[in-house]
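Engineer: Protein chains in written order, with this note's numbering: chain A, 7 to 546; chain B, 210 to 514; chain C, -16 to 295.
For the record, the hints were derived by calculation from the structure and aren't laboratory data.
Warning: the hint list may mix true and false statements.
To be verified - List of simulated lysine to any residue pairs, SDA-like, C-alpha gap at most 20 Å: (1) A/Lys286 with B/Pro477; (2) A/Lys211 with C/Thr68; (3) C/Lys30 with A/Lys286; (4) A/Lys227 with A/Asp242; (5) B/Lys248 with C/Lys155; (6) A/Lys479 with A/Asp490; (7) A/Lys227 with C/Arg(-9); (8) C/Lys30 with A/Leu130; (9) A/Lys436 with C/Phe18; (10) A/Lys492 with A/Pro183; (11) A/Lys227 with C/Phe18; (12) C/Lys155 with A/Glu267; (13) A/Lys356 with A/Asp207.
Quick caveat, the model's predicted, so the values are computed rather than measured.
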Amino acid sequence: MFKIKKKRVLTVAVAMLLVVSVILTGCSSNQPAAPAKVMKTSFNAGAEPKTLDPAVSTGVPETHIETALFEGLTRIGEGEKVMPGIAESWTQSADGMVITFKLRDAKWSNGDAITADDFKYSWLRALAPETASEYSYQLYYIKGAEDYNAKKGTADAVGIKVVDPKTLEVTLAAPTPYFIALTAFHTLYPVNKKVVEANKDWSLKAETFVSSGPFKMQEWKHNDQVVVVKNENYWDAKSVKLSEVTFKLIEDNKAALTAFESGQLDALEHIPIEDIERLKAAKILKIAPYIGTSYYRFNVTKKPFNDVKVRKALTLAINRQMLIDKVVKGGQLPAYAFTPPGMVDVEAGKDFRKVGGDYIKEDVAAAKALLAEAGYPDGKNWPADVTILYNTKSDNKLLAEAIQNMWKTNLGIDIQLHNEEWAVYLENQKKLNYNISRAAWIGDYADAMTFMDMFVTGGGNNQTGWSNAEYDKQIKDVANKSGDQKVRIPAMHAAEKVLMDEMPIMPIYFYTLPWVIKDNVKGVFYSSLGPIDYKFATVE
Amino acid sequence: MKLAQNLFEPAISQISAEHINRPSTTLLQDAWRRFKQNKLAMAGLITLASLILFAFFGPRFIQYNYYTNDLMNQYLQPSWIHPFGTDALGRDTMARLMYGGRVSLAIGFVSVLINLSIGVFYGGISGYFGGRIDNLMMRIIDIIYSIPELLYVILLMVVMGSSGSLLNIMIVLGIVNWMGMARIVRGQILVLREQEYVLAARTLGASSSRLMLKHLIPNALGPIIITSALAIPMAIFMEAFLSFIGVGIQPPFASWGSLAAEGRLNIPSYPYALFFPAAAIAITMLAFNFVGDGLRDAFDPKMRK
Amino acid sequence: MAKYLLQRIASALLVIFLVISLTFVLMHSIPGGPFSREKQVPPAVLKNLEERYHMNDPLSKQYIDYMKNVAQFNLGPTFRYEGRTVNDLIKDGLPKTATIGFLATIFALGGGLLLGSIAALKHNKTPDGVATFIATIGVSVPSFVMATFLQYYLGYKLGLFPPVGWNNGALKNLVLPSIALGAYPIAQITRLMRTSMLDVLSQDYIRTARSKGLPGYVIIGRHAMRNALLPVITYLGPFFAYILTGNFVVEYVFNIPGIGQFFVTSITNRDYSTIMGMTVLFCSLLVVFNLLVDIAYTFIDPRIKLTGQKGA
């Protein structure tokens, strides 16, 4: 009875709405056919940007938009290659401590010339304590930078020197092979000194926004959209074919997907996992590589995870491929180690992960034996209050439920689930107020160090209570002190082995980035570090 | 002349003159008699009873539980084996609906009980005394109303320790939602206390508590009952909203609200995942509404024939 | 009346003051801060951030500074959006939220009063059933399900309305959000109206009016409506609160750039100044609205005394 009535009411409602919509569409003017040459596209960047001032921005939506608006000394191109950007070329001293960048004749979107002085100004601005940039530590590789940022040194002592308007000399604090790639990162983007000094609110409005990249800002409607148009003053403007890109700011992935499927949007990332199979079947799903690892932290300061055997047992007792195929579904790779693929190794073209190999072999029988050795045969005596902490998100929840069930089935142990709102979750994790905690790490640059420096003793991102002298030595005293890949990289391999022997963390899978884009949009480059680049894109 | 004393006694004693020959019925008996005559209300009541049976005794008759994953059989369409299909982890949706029903119904009833007790007490006092006391009490409600609810809920959840435990949700929803009830009761009392029969009772010397319990609250029962009948679904909704923003019931436990919140994500690909929990909620609401209306008609003294 | 208004305004200021203070305390007692990040911020950077936002000042000083600013209608800079103030957020978002709220109010109030009256007049007949059923649909489905349903079926599947976006406030974009927001209150108002209208219609004076042979619309319009409105007016306070906070779900699902979203995001981001700003705004609006409701009371039912001298 209920169903029938519902149907009837629905019919009436639909009929009513039809009438209204006819009236409404009747009112809207017909759009004149646009000239064929203008290429426009749109992309869902996600949440409203915190800011589009590259020195202080942090989030993912920001990096997408800033990649269109800005260019640093270098730019990341197809295949994660470091391409010359505003810098035409660079040279490095024999000890790797001094890098000299040669700038090309590039212009700001307002027509001013981009000079070495702009870079110096921009970097010092990002480091200035008053700016309070969260990512200022990305510049700590430069000599004196950390001291200046922490108010222990002066701006003059920072190793950035303007040799002439087209030459910038940077002195590093320690040899850093990935520093050149890092100049393509947003914190190191230049800003126009003249404009910024004249108006500190330059980045808030489209009219006053000046940038160095392939596009310039046209419109910024808060929580709605950012529109960028081709920057005719860009040095490589001839390569830029798109005349306009609209970055939509839709926070709910579900709504964004609906917008895409109803033609309101040309592309989006972060596909809800419930829709992945349908989109896969319809052959519109694309999967881009993404440098990141999904893992669980163990709190090694508390029972039962103060025992390495227990940590190992749990790590061996889940079926990663099953979790990928049936739960997260985005073609992720099972993680049998911590550092994801996509990191450089000693030899060019070799991958850090391939060389390092797998450290974990899933084995339920071995896991059971380990658990029995630790004093919990078949899950007996297992403490009742062990929980998995995770932040509220349907993907995290599904994964936690599936892993909880695997542990129950394979090891006979009961583990509770505990979800918390984001900030509470972070706080609990930081204060080691958990047993097992869901975690993820996304790389900042394509070197294993972005993962391996996390678990040094007392490191801000360690958050497991784990400490190991050998690990610390390999990272702090060997890898971080040398610019020689032949020394650094084996040290990081050694450190990763220690990490996987001790297992304060349980790697689960390496991320991928499932996304969709309309077929007629070509030449879009998705960096495995996250940002999407429309510089070379075209619309057919 | 000798006149017997008893000649001067009334022919019929005053006591027996007041005697009512028809057997007296209590308020509840009276209401039940009228309630039974209301078909929709009875249908609602029977539906509610069946839902309670479904939720509390259903699990005895099916072979699945609410937590065991079967990853090879996820998102199965409704079939004989799984009448309502399976979810993202291959769990039987019917089993989850049964267990979810326990949680949702319990949250609805208990939190409304809390809300009802606080609201009637507070609103009654406020409306009855009026004047400064009323003003003060209503300003306090304004203050509570003016705090962003979520902040309040998250805070309370944190203060009470682990978030998402069933008892915490009940208490939080109960103490967050009583203001509406208090206002309704106060509004009613405010009108009723000005009516002639109250003046009459007052003139006859009725005490405040007697006025309140015998004359004001019973006459405000209709709105109180309707508000309660609507407060139960509201509590179930609030719990769903909590699930929606992530401080609801902890998995692998579920409520109808959390199942609907999950189902919302599935709508483009697996619409049946939303249909069943939404239908469970809708049927419950319909039932509560019918019962609420029936109760209203049954309790309302003005409807007495 | 003037004296009464002055009294109310004075007490409103007190209410706002108390709410600000209470929120301030509550807010600082929830775990986490505005700079909680998955990638931990180095201590030196954290210090710079705290200095910049004056978070290293003692709480008492922060509180006093905040109060001083609020007194000048300055709600301070947000922690979430660089270079923007809470005043900016409100200026940007409030008109959008208000537009949706206004449309939802028309839909809910107009529809609810109409449906409720019809249901009461045709008590236990077909129109009553239909009205009750529509009312029940609204309270039967949680708002996020309703919004998703409208968006997916009417917006996407049938393509009647754009499923997502504000689109400069084009009316066709606002239809679905307004219905989604109004679905719950329309049901509530219909129910309240039906109940109270039934009550009123059984009163003696209505019987008198009927016996005088007045037509139905006069009875309803002139005699019944006023008294039947009372419980509905009681509901307007919570209704208004619902429209403001309920906007969160609708704005989230339909991606409307209003202020409803800040209610939740400011808290999850621990954006202290925005939490406070939203509290101040919400509180002020509510206080004003409650005052209007109370005044409306006296117009509709002269027996209710605002100043509340006791009858006895």
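Engineer: For each hint, tell me whether it holds in the structure or not.
Structural biologist: Hint by hint, here is what the structure shows:
Restraint check: the Cα-Cα separation between A/Lys286 and B/Pro477 comes to about 14 Å, which is no more than 20 Å; the hinted pair holds. Proposed proximity of A/Lys211 and C/Thr68 is supported: the alpha carbons are some 14 Å apart, at most 20 Å. Our distance criterion of 20 Å between C-alpha atoms is broken by C/Lys30 and A/Lys286, whose separation comes to about 47 Å. At most 20 Å may separate the alpha-carbon atoms for a hinted pair to count; A/Lys227 and A/Asp242 exceed this at roughly 28 Å.
Using a Cα cut-off of 20 Å, the hinted pair B/Lys248 and C/Lys155 is violated, with the two alpha carbons roughly 42 Å apart. Proposed proximity of A/Lys479 and A/Asp490 is supported: the alpha carbons are some 17 Å apart, at most 20 Å. Distance hint between A/Lys227 and C/Arg(-9) is unfulfilled; the C-alpha atoms sit about 39 Å from each other, more than 20 Å. For the suggested pair C/Lys30 and A/Leu130, the alpha carbons sit about 18 Å apart, so the restraint of at most 20 Å is met.
The suggested pairing of A/Lys436 with C/Phe18 holds, with an alpha-carbon distance near 13 Å, which does not exceed 20 Å. Distance check on the hinted pair: A/Lys492 and A/Pro183 sit about 12 Å apart at the alpha-carbon level, within 20 Å; holds. Our distance criterion of 20 Å between C-alpha atoms is broken by A/Lys227 and C/Phe18, whose separation comes to about 25 Å. As the CA atoms of C/Lys155 and A/Glu267 are separated by approximately 18 Å, the hinted pair is consistent with the 20 Å bound.
Simply put, A/Lys356 and A/Asp207 have alpha-carbon atoms about 45 Å apart, too far for the 20 Å limit, and the pair is violated.
Of the hints listed earlier, those the structure fails to meet are numbers 3, 4, 5, 7, 11 and 13, in rising order.
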